[in-house]
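Engineer: Here is what each chain is made of, one letter per residue.
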Amino acid sequence: MQAFQTVYDTLIAAAAPGGSRSESACFEGEAALTRLLTEINRTLLPARICVEWGDGTSTAFVVRNRRLRSAVSIGGCGAPGTGGALPPGLAQGGLSAEQATDFITWVRETTTSVGLRSITLRELEPGDDVGALGMSPARLGLAAGMALQSPPASDLLARIDAFVARHPTQVRAAYLLADEAVSCVHGVGQEAEHAVDILSHVTAPETPLAARLETEGTLVYPGGGSGPGGILIAGALGFACVVMLEDMTLEEALNAWSAARIAPAPRAAP
Amino acid sequence: MSPRLSPKALAAFRADNPMCTLAIWSDIRAGTVLAVDATLEVPQEYLDAFSATASQVLAAPCVPHAEDTCVLLANDIGLQVFAQSQALPYVALICVTPAHAQAGALQRAATAFLADFDKKQVM
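Line by line, the protein sequences are chains E and P.
Quick note on numbering: the first sequence equals residues -17 to 252 in the working numbering.
Quick note on numbering: the second sequence equals residues 4 to 126 in the working numbering.
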């Protein structure tokens, strides 16, 4: 549900370019850093997250699929030490995970010295580099020494757990892809290599299947041979899993996975 | 083009399986649409997207080798069946139904349709 809310928020924001996501207050230090990382973490569609710093300078962060791809100084580019001036290492096009610490250091220094005034989501400009590998929110959070919330992973993991609890003898193994790493979350990891191959194929960037799985799609393959069995692949925003099945038809697998959906937590009374 | 790979054949399949609102013959090598039969007119870009999806689904490393294959995909679009016969490995049958359709029945229907196709090819 939270994954859906994130998509909804992003689509709404993208449909109304120029919409501001922050209040008029100036955020400083860790609060500003958390705010920026959270914004990157929830932006799915290609967009510029434009940050106006407390000294009036601005920087655009180019984000796609929840990864920070590149950064650009925009209007009011200031002298070194001010918000608008990107360090040379970060201003030369695409970003990668190795620069996470430099990036966090720069943002932390900037937010501590001048603060963060506002965050506005805008459409991409020609020449914006969204093709770079970029940095994941988890990597940035690690560099910043903070844990960002990743509700879709826990939702998908909880769903696997519920599925396994209902069909303990029919699930051979389950693997979860999160932040580009595959881990065995149920059973033994003998088929890990096969699971990685499958997940790499179905989540290949800019493929139709990756897009369909991302909106909570479920794919069921026969296991081969004459007996029932198969492979269930499910996705959620930024995450995917493979479940190796035994003695279960494709229809049974699909229905069982649907039944294992985790009910959203009840809203607190106002 | 074989008469079996025609909109008429797809219309016959849909007549037997009324839950199927869209049936497509797709060339999965090229990711292109060969024939379509649908309840409503479907824009070409949607058909191309289904065809591209079929190409990717049936090229996955978990597709059993040397076997007829039927894969189910459920998402917000509905239920989609991607079926492939070894008799014609470069062609896929794509069926799209509402999400509440009986997946097993549709899977069996698609498999039988392709098996029937196999026999006619041999004859």
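These are computed hints drawn from the structure, not numbers from a lab.
These numbers were taken from a predicted model, which means no experiment stands behind them.
Beta carbons: idealized from backbone N, C-alpha and C, even for Gly.
Misleading hints may appear alongside valid ones.
What the hints assert, rightly or not - Going by beta-carbon spacing under 7 Å, a handful of chain E positions derived as facing chain P:
1. Thr87
2. Leu106
3. Val178
4. Asp179
5. Leu201
Unchecked claim - Coverage of chain P stretches by chain E, computed from C-beta distances (three or more under 8 Å per stretch; other residues unrestricted):
6. 14 to 28
7. 42 to 56
8. 99 to 113
Engineer: Looking at the structure, which of the earlier hints fail to hold?
Structural biologist: Hints 1, 2, 3, 6 are the ones this structure does not satisfy, whereas the remaining hints hold.
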